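Student: Taken in sequence, the protein lines are chains A and B.
Taking numbering that gives the first Met the number 0, the leading residue of the first sequence gets 0, the next gets one more, and so forth.
Taking numbering that gives the first Met the number 0, the leading residue of the second sequence gets 0, the next gets one more, and so forth.
Relax, there's no trap hidden among the hints.
In silico PhoX-like links for lysine-lysine, alpha-carbon gap of 20 Å or less: (1) A:Lys244 with B:Lys386; (2) B:Lys372 with A:Lys25; (3) A:Lys244 with A:Lys19; (4) A:Lys159 with B:Lys104.
If we take Cβ atoms under 10 Å as the criterion, some of the chain B residues that face chain A in the derived model are: (5) Ala126; (6) Val286; (7) Phe296; (8) Ile302; (9) Met303; (10) Leu343; (11) Gly356; (12) Ile362; (13) Ser388; (14) Ile392; (15) Asp394; (16) Leu406.
Between beta-carbon pairs, the in silico distance windows are: (17) A:Ile268 with B:Gly459: 29 to 37 Å; (18) A:Val287 with B:Phe305: 21 to 29 Å; (19) B:Phe17 with A:Ile305: 36 to 44 Å; (20) B:Val45 with A:Phe97: 42 to 50 Å; (21) B:Thr183 with A:Leu161: 56 to 64 Å; (22) A:Ala129 with B:Gln212: 44 to 52 Å; (23) A:Lys99 with B:Glu197: 56 to 64 Å; (24) B:Leu21 with A:Lys326: 54 to 62 Å; (25) A:Phe52 with B:Asp73: 39 to 47 Å; (26) B:Asp73 with A:Leu185: 44 to 52 Å; (27) A:Thr94 with B:Glu282: 23 to 31 Å; (28) B:Trp467 with A:Phe52: 52 to 60 Å; (29) B:Gly50 with A:Lys326: 54 to 62 Å.
I should point out that these hints are in silico values taken from the structure, not numbers from a laboratory.
The structure displayed is predicted, hence computed values, not measured ones.
C-beta: ideal position from N, C-alpha, C; glycine also.
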Amino acid sequence: MTNNSTKANVQMTVEELAQKHNGGRKIIDFVGKKKIFFGISLTIMIIGIICNFIFGTTLDIQFSGGASLRFSYTGQIDQTELHDFIQEKTTDKITTSFSKDMMGNSGNNVAVQFSGNDAISTDIQDSLEADLQEKYPDSSFKCLESTSVDASMGFSFLLKCLVAVAIASALMVLYVTIRFKKIGGLSAGVMALVALFHDIALIYFLYVIFQMPIDSNFIAVVLMILGYSLNDTIVIYDRVREERKLVGRKQDIGDVFNLACTKTIRRTIMTSVTTLCAILIVYILAVVYNIPSVQGFALPMMIGVISGCYSSICIAGPLWVMWRHHKAAKNEEK
Amino acid sequence: MNTEVKKGMKRVPKPVFFIVALLILAFSFTAIFGVAYYNGDNKNTVLKGIGDIRWGIDIRGGVEATFRPADGYDATDEELESAKSIIELRMVSQGITDYELYADKGSDRIIVRFPWKSDEKTFDAVAAIDEISSTAQLTFRPGNSYASTDIGSDGEYVYKTPTGETETVLMDGSAVKSATAGYTRDDKGDAQYIVSLELTDEGAKTFASITEQYLQKTVSIWMDDIMLSAPTVQAVISDGQAQISGNFTAETATALANKINAGALPFHLETANYGSIDPSLGENSLVAMGYAGVIAFIVIALIMIFFYRLPGFIAIISLIGQMGLSIAAVSGYFTTIPSFTMTLPGIAGLILSIGMGVDCNVITAERIKEEIKAGRTLDGALDRGTKNSLSAIIDGNMTVVIVSLILMLVFGPANILSIIFGESTTGTIYSFGFTLLVGVISNFIMGIFFSRVMLRSIAGFKPLRKKWLFGGAKND
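Next up, chain A with everything else stripped away, as it sits in the complex (with noise of 0.2 Å):
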């Protein structure tokens, strides 16, 4: 490590360090494209927000209090005919989807969301699936799921997931600054942050569009994600914080941390394709088996995945770089 220490008073350009550094192989410019990067991240953030407007998010019954049932059947039904006929039996207004069983097992299912954030009497579930044998008594109607929350418990448990979530957020940070001291750790434990952020909302935005009520899945994937994406954060800092000692102080931090990127980005996109692939495979058998509650759970998270990847090389890091030039300007005014 001896003769590094005679670079450390030299600025090199980007093709120099290139040469020195990176096997004399092309170091990709991530800070700057940065104009590129923040423009599509936030137009995704305004259609996401003005999506959110139209469409409005629904928190799950989970969160709200409600009751939904979901019976299996065989046998075709008309399904406009079932949904009248379950309306006529219900005194709350309902909202039905259909959905299938490609693999034939659970047959045709028809789910049935009551309105209102009441939790229902067990006697609906009972006399309703009696109604409905009784109608139809050739399409063995059978209850699969059911699920009725009381509004109050929905709300204490929305905000335990919401406290949880910010404690992690706050972990993270904390994390990051002590173990990044070297090169600013707390503008990297913010930037990580804004990167953690970026991607909730890409969760949410995916939830608004795709009209999926805001669940226990949610805040699982987002806690999840939250991990994950600094994970790619964090090894790009950490290879910051090795080329820096390498290349010397002088040189420039966006240069360096295009030259950590270039050499980590493989790594990083690597563990995304695995990680993806593993979510992918489980959220098409979960289509292929219609078990909602996975593919609640791996659609958001394949989102998140990739979201994160993205985020810690175009968002955390080039705002990183920003951060640092900044203090560093101000301390030469100084």
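Chain B: place on chain A using the hints.
Tutor: Structure of chain B alone, referenced to chain A:
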């Protein structure tokens, strides 16, 4: 710099690769399939495998319900606790052992989650919930007149609705401290099943006067609208220790004692939340996730071999080890770690950790590749590659550890947030946090320790000492 590399480099003997690989494969094989032998029809499990995993109610099917005292009754902590213990008693008496039950004293709620009994045929969630929460008012009434009879589902007569003199209430359930079933020996030495009542001090006084007034007459015990028992008073009982005898079997005596206990509470339970899952649904999901796990493993194995060649191959062995470790941690393979209830998100977490688990190996393999391209010797590249990637692997994994701990704390049964938000059942997400944590830790053990030993050992084989196999260019 060269001297440094040489100093740090240590060759690992060649056979080590085979020993480690075989150990990992043998361990994973037993962890996945379990080891059991049959002694006649009895299965003796030596090591637990996937078949011995305890599945959560989202897979096995089951019921989850939250009860609270009806009509806004403000139950004391003791009352809530005894309501809970009664539900517990009912669970146990019905042969359901694998249930979760919590009393949230802050909000006066009792939360229960239980799988279907193995001999359950109807899967009627509503009936099951009613059965558990049917906490009723226990009363002692004179005589045994009733308005109607029914035949219950067990084929026994059910006497309903007190009439005439029986409409008077002599004493209610609050006088009863506890009821227990037991047996005594009669003159012939045969066992006679009895139900013993222990009354409160207040109750003992009341009961003394009742037994005096109704000596040799019938005093019936009612649960709400249903007559449980109609014993004849044989003696004046003033010590608060009463015994009911009759044609009891062990079961009927226990059932009566349980009902009397349940009836000693001054409030009904109403259902605030409930949910149920049919077992057919869960079975279907389990099959789907099983396929997903196998396919994901194969696809990732192919990717790793294609991109990283020899280190990729070693990554697969360590991935098998990681799966083995994760499954072992869930199934109770190690007797020191209790078995864990596995849910659908838990399985998803396990599959996800296959995808994320190769990260250790990817970071190391990429680093070795880089060092080879920088023109280092194979040994130098291996040495520097493994050394330089360590801090990134540790830091990266730490964040996932933090997140999985938070997931477990939030969705787990007893957690830091319970103080503010009350107790809850272990939601299905809890198991996601657990498998993720176990996955990361196993990945750490396998990826950092075993993979590296194997890599160094295998690099000792002459025919394999080609830079191409480690990610270098073809002609190297």
